[in-house]
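Trainee: Protein sequence lines, in the order shown, are assigned to chains H and W. Take 1 as the starting number for the first sequence in the numbering used here and just add one per residue. Take 1 as the starting number for the second sequence in the numbering used here and just add one per residue.
Just so you know, these hints were derived from the structure itself, not from any lab. Don't be surprised by glycine CBs; every beta carbon is placed ideally from N, CA and C. Warning: the hint list may mix true and false statements.
Residues of chain H placed beyond 12 Å of chain W at every Cβ, according to the derived structure [unchecked claim]: (1) A67; (2) F92; (3) V132; (4) G152; (5) G162; (6) A176; (7) M179; (8) W220; (9) D285.
Pulled a few chain W residues facing chain H out of the computed Cβ check, cut under 10 Å [as the list claims (entries may be wrong)]: (10) F71; (11) A91; (12) H99.
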Amino acid sequence: MINDENGVDRRGALECMLWAGAGALWTISGGVPHSSALLGVAEAKAQATAGFSFVQISDSHIGFKQAANPNPLATLQEAIDKIGGLPNKPAFMIHTGDISHLSKPEQFDDAEKVISNAKLDVHYVPGEHDIVDEGRGADYMERFGKRLEAKGAGWYSFDHAGTHFVGLVNVADLKAGGMGSLGPEQLAWLAEDLKPKSGSTPIVLFAHIPLWTVYGDWGWGTDDATQALGLVKRFGSVTVLNGHIHQIMQKIEGAVTFHTARSTAFPQPAPGSAPSPGPLKVPEDKLRSVLGVASISVKKGAQPLAITDSELAKA
Amino acid sequence: MAIKVDRRRLCAVAAVAFAALSQRARAADASVRIDNFTFTPATLNVKPGAVVSWTNEDDIPHSIVAADGKFHSPALDTGNAFSFTLTEPGAYAYYCGLHPHMKGTIIVAL
């Protein structure tokens, strides 16, 4: 539940806007979700001077060809077009994994080619579908991990305009009967990585599988996420961005906002509403309304503002 | 001369065909079906040396990973299969490498 303890917002306001093919849009401001119509240009410009925005896409599953969406490459391109049509160009893109459907080189190639049409730096983390090559993730590391200067199975961090971003991998070395897993090596790295950051630094954690238990029966959670969340407890503003479940879910717990993104490929059923969490076939004319991208804006309040390029960015 | 070579070749072809037929017969020893994120049957009983075959009929890929590391299939797309021969008696727990909440057991006993 929303927990604005004393009315004074200690955290930098983090706004999260989502839309699907239908153009629905909503924002979180100060931890409270508001639904709103699509931002008008004037309001968008005001936002641009107040901080920066970035986009999140997830679960593109290039190579999937079943009934739920025989052409995920086409819907990925539509998502990229949508990003290109934003009134303010995002600073960069985050992809929260399942880029490919079966870790095949041509699937990664196709995904990258389409994603490059957004002309944005892309910060990837792998999903479980991205590490099923023979080397169990070696191909992913070669293609993405290296240039992201990632460690281990692909974790890394970067800073943007005073906000600290951490890409985590919770799909490697999964144990029988378990859910997602970060593992001790990554948690130790995370502890070291966060040490020099002051508590007023806004933190964004992104990983494929949700870092809170959305639905344990379907493995929709991360066994050792509480350890990671313990490490960010001292920060005034924490945002957790995930994918994997192919639908929007969110939760606010104190200073931590959790959010999962839609897929650009196919939806999955709501927890417990179907026998299994597999691809959900919807009528053809409804498909694009259940796929989407997320745009996240960081406001700086009275602190020196990061200038966001506000011109339209076409693909 | 020519006839002798043909006969040898015929024998060789027959031998290969026989072996292939034998393998095909062996490959049907015991099967696990994967659908709806479930291994069916959850527990499969086989004799030592039986060939166990997993077939993915789900619309999402799955993999077969032995809990003790004895076998680890590639990711199986819809329609793909993976076979493994277990020779030693025992209970072999396995799970899906992509969706580890999916579990099954092969019990090998005389």
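Trainee: Each hint should be assessed against the structure and marked as holding or not.
Mentor: Checked hints:
Here H/A67 does not stay apart from chain W, with its beta-carbon only about 7 Å from theirs, under the 12 Å limit. At roughly 28 Å, the least C-beta separation between H/F92 and chain W is larger than 12 Å, which holds for a residue marked as non-interface. Separation of H/V132 from chain W is inadequate, the least Cβ-Cβ distance of about 4 Å not exceeding the 12 Å criterion. Residue placement check: H/G152 keeps its beta carbon more than 12 Å from all beta carbons of chain W (closest about 18 Å).
The claim that H/G162 is not at the interface with chain W holds, since no C-beta of that chain comes within 12 Å of its own (minimum 37 Å). The claim that H/A176 lies off the interface is violated: its Cβ sits roughly 4 Å from the closest Cβ of chain W, which falls inside the 12 Å cut-off. A beta-carbon of chain W comes within 12 Å of the beta-carbon of H/M179; the shortest separation is about 7 Å. Against chain W, the non-interface label of H/W220 is violated: not every CB pair exceeds 12 Å, the least being about 9 Å.
The claim that H/D285 lies off the interface holds: its Cβ sits roughly 21 Å from the closest Cβ of chain W, which is beyond the 12 Å cut-off. With its C-beta approaching chain H no nearer than about 13 Å, W/F71 sits outside the 10 Å limit, and its interface hint is violated. Checking W/A91 against chain H: minimum C-beta separation of about 13 Å lies over 10 Å; hint violated. A distance limit of 10 Å between C-beta atoms decides the matter here; for W/H99 the minimum to chain H is near 6 Å, and the interface restraint holds.
When the structure is compared with the earlier hints, violations turn up for hints 1, 3, 6, 7, 8, 10, 11 and for no others.
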